[in-house]
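Peer 1: Let the hints inform the model, and build the full structure from the sequences given.
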Amino acid sequence: MRTLTSVFILSSALLLAACSSTKLDDKAPVVDHSASGADARSVGTVNTGSDPLNDPQGVLAKRSVYFDFDSYVVKPEYQSVVENHAKYLTSHRDRKIVIQGNTDARGGAEYNLALGQKRAEAVRKSLSLLGVSDSQMEAVSFGKEKPKAQGNDEAAWAENRRADIVY
Amino acid sequence: MSKTIFLRLFAIFTLMIANFAHAQLRVEIAGVGANQIPIAIAAFGNESVAPSQVSAIIKADLNRSGYFRIIDTGNVMTENTPVNYADWKGRGANAIVVGSVSRLPDGRFDVKYRLFDTVRESQLSSMALTTQPQYIRVAGHKIADDIYLKLLGVPGAFATRIAYVTKSGREYHLEVADSDGESVQVALRSNEPIISPAWSPDGTKVAYVSFENKKPVVYVQDLVTRRRTVVANFKGSNSAPAWSPDGSRLAVALSRSGSTQIYLVNADGSNLRRLTNTSGIDTEPQFSGDGQSIYFTSDRSGGPQIYKMSITGGDARRVTFNGPYNISPRISPDGKYLAYISQRNGKFQLYLLDLSNGQEMRLSDTARDESPSFSPNSRYILYATSDGGRGNLAVVSVDGSVRQRLSLQAGGNIQEPTWGPFMK
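Sequences listed follow chains B and L, in order. Each residue of the first sequence is one higher than the one before, counting from 1 in our numbering. Each residue of the second sequence is one higher than the one before, counting from 1001 in our numbering.
Among the hints, erroneous ones may be present.
Claimed, not checked - The calculated EDC-like cross-link candidates involving lysine to aspartate or glutamate, where the alpha carbons are at most 16 Å apart (straight line), are:
| # | chain 1 | residue 1 | chain 2 | residue 2 |
| --- | --- | --- | --- | --- |
| 1 | B | Lys146 | L | Asp1354 |
| 2 | B | Lys146 | L | Glu1212 |
| 3 | L | Lys1142 | L | Asp1110 |
| 4 | L | Lys1235 | B | Asp134 |
| 5 | B | Lys62 | B | Glu159 |
| 6 | L | Lys1336 | L | Asp1290 |
| 7 | L | Lys1089 | L | Asp1072 |
| 8 | L | Lys1089 | L | Glu1121 |
| 9 | B | Lys125 | B | Glu159 |
| 10 | B | Lys148 | L | Glu1192 |
| 11 | L | Lys1308 | L | Asp1290 |
| 12 | B | Lys62 | B | Asp51 |
| 13 | B | Lys96 | B | Asp51 |
| 14 | B | Lys87 | B | Asp51 |
| 15 | B | Lys148 | B | Asp164 |
| 16 | L | Lys1214 | L | Glu1192 |
| 17 | B | Lys62 | B | Asp164 |
| 18 | L | Lys1424 | L | Asp1202 |
| 19 | L | Lys1235 | B | Glu138 |
| 20 | L | Lys1336 | L | Asp1354 |
| 21 | B | Lys62 | B | Glu77 |
| 22 | L | Lys1347 | L | Asp1387 |
| 23 | L | Lys1347 | B | Glu138 |
| 24 | B | Lys146 | L | Glu1171 |
| 25 | L | Lys1214 | B | Glu138 |
| 26 | L | Lys1214 | B | Asp164 |
| 27 | L | Lys1347 | L | Asp1365 |
Calculated from the structure, these hints are not laboratory results. Remember, it's a predicted structure, so these values are computed and weren't measured experimentally.
Peer 2: Structure representation (structure tokens):
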């Protein structure tokens, strides 16, 4: 272990020395270090067992589908969200999701629960059409009981007309 | 193992909290009946021996009802004090209430009362109640119930209880209180929402929807033993419990088929049977008084409307036609009225439909009403409303004249109220 570390330190030092010498010598032949694709010394990290689900910059980080007022149809702009999760779920048959439907605060608790369910079911059906197994999904509703946005204006209502995909 | 310990600790913690962390309700009277019966209520003999003043409870009940005008007698009169009818009639009282309280050797209290009619110069009623100290308020409510019955011809509902949900920060309580908002007890405490409480017909259990498992699940909780039964926890959402009049089963709304539909299930969770069969929303079932029909909310015609169908299945008949959005049907115990929430001009308001003649009446001036329920004597409707974003409760008489508002003294939201049944 210790030897390995020393080797690492040594190689790092050599690497640093190599870099600084190139940089310092302005008259040396031009080598483009900025284009990473052409840099034979660049190192990309591969973690075994890495899951694209955990990539905060990845397409799977988008897990909410927003709906229009009084609407229960997945809009075209959210089709990619559904497709990305469908792709992941069909290649990871062991993964399960809960789709949580939500509504804005107006109206009764029970009817809103049923409306939130309609939104969750719309997302579930879209995923199902893309090959996700029913055993991987459960559509539930929070109705108006767990609003993400507080407040009684159109901005808050729009934020709460939503279905979330939860792994 | 560790989960069991956690659950036990949680249960102990819940019990500790339940003993002190409940909020007081404040009741304001906002309207009274047009014809009030003037009634004299004397201070009861020796009533200071009891933890609560019985005559004060009777006065507050009758006053709140909106149908009585209280005349103070200014002195103590027991059930044995001779009554001078002419004198009381001269002071404007049509009736007079007298009584006494005494402590028994075993710690219980004896409450005696008499009601006299000063016009007909006769005794209308008398009662003797023996009660535990913690139920002295209930004894007062029972006397007020008797007075209400004898003078108005309708049983009073003062000795009944209400259930509702409070929300304070992240904490939800299912609470039970007397109909006057006193004697608050916490039945369930959770960090997730609780909605749709529904009393069993005998008043010992409450069915409700709890989100404690990250999804709506229907439970029945025995209020006395704290025992909880999962009535419906199927894939999807489980909600909207309603008891059959005999208490043997519940109607619930389940999304297990992919759309929210109405099912019947035994109170222990067995014998599930699907009742409605549409691809849209069918929810908020309520049994009719005879248990043979179900009123419910459905979007089969587009927006939500109220329908009625037989518990044996078959076609549903539409009941509401005015306005694009009618939800939360409740049938009065006497079967005469349907109360519901209707959206008109952007406001969600309490409406009442007289089922005998189809006459519809708006009963509120507020804009965000929800969750109506009838008093067991069919005279009042309790509902939730909100005021500057804060949830309160309100009570209105079916004729629209008597109004009360109930709010949490300490602030916070109070919602999802439901009025309990008559109890022995």
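Peer 1: Next step is simple, just say for each hint if it's right about the structure.
Peer 2: Structure-based check of all given hints:
| no. | hint | verdict |
| --- | --- | --- |
| 1 | B:Lys146 / L:Asp1354 | violated (36 Å) |
| 2 | B:Lys146 / L:Glu1212 | holds (12 Å) |
| 3 | L:Lys1142 / L:Asp1110 | holds (13 Å) |
| 4 | L:Lys1235 / B:Asp134 | holds (11 Å) |
| 5 | B:Lys62 / B:Glu159 | holds (14 Å) |
| 6 | L:Lys1336 / L:Asp1290 | holds (13 Å) |
| 7 | L:Lys1089 / L:Asp1072 | holds (13 Å) |
| 8 | L:Lys1089 / L:Glu1121 | holds (9 Å) |
| 9 | B:Lys125 / B:Glu159 | violated (22 Å) |
| 10 | B:Lys148 / L:Glu1192 | holds (14 Å) |
| 11 | L:Lys1308 / L:Asp1290 | holds (13 Å) |
| 12 | B:Lys62 / B:Asp51 | holds (15 Å) |
| 13 | B:Lys96 / B:Asp51 | holds (14 Å) |
| 14 | B:Lys87 / B:Asp51 | holds (13 Å) |
| 15 | B:Lys148 / B:Asp164 | holds (11 Å) |
| 16 | L:Lys1214 / L:Glu1192 | holds (8 Å) |
| 17 | B:Lys62 / B:Asp164 | holds (9 Å) |
| 18 | L:Lys1424 / L:Asp1202 | holds (9 Å) |
| 19 | L:Lys1235 / B:Glu138 | holds (7 Å) |
| 20 | L:Lys1336 / L:Asp1354 | holds (6 Å) |
| 21 | B:Lys62 / B:Glu77 | holds (12 Å) |
| 22 | L:Lys1347 / L:Asp1387 | holds (13 Å) |
| 23 | L:Lys1347 / B:Glu138 | violated (34 Å) |
| 24 | B:Lys146 / L:Glu1171 | holds (12 Å) |
| 25 | L:Lys1214 / B:Glu138 | holds (12 Å) |
| 26 | L:Lys1214 / B:Asp164 | holds (13 Å) |
| 27 | L:Lys1347 / L:Asp1365 | holds (9 Å) |
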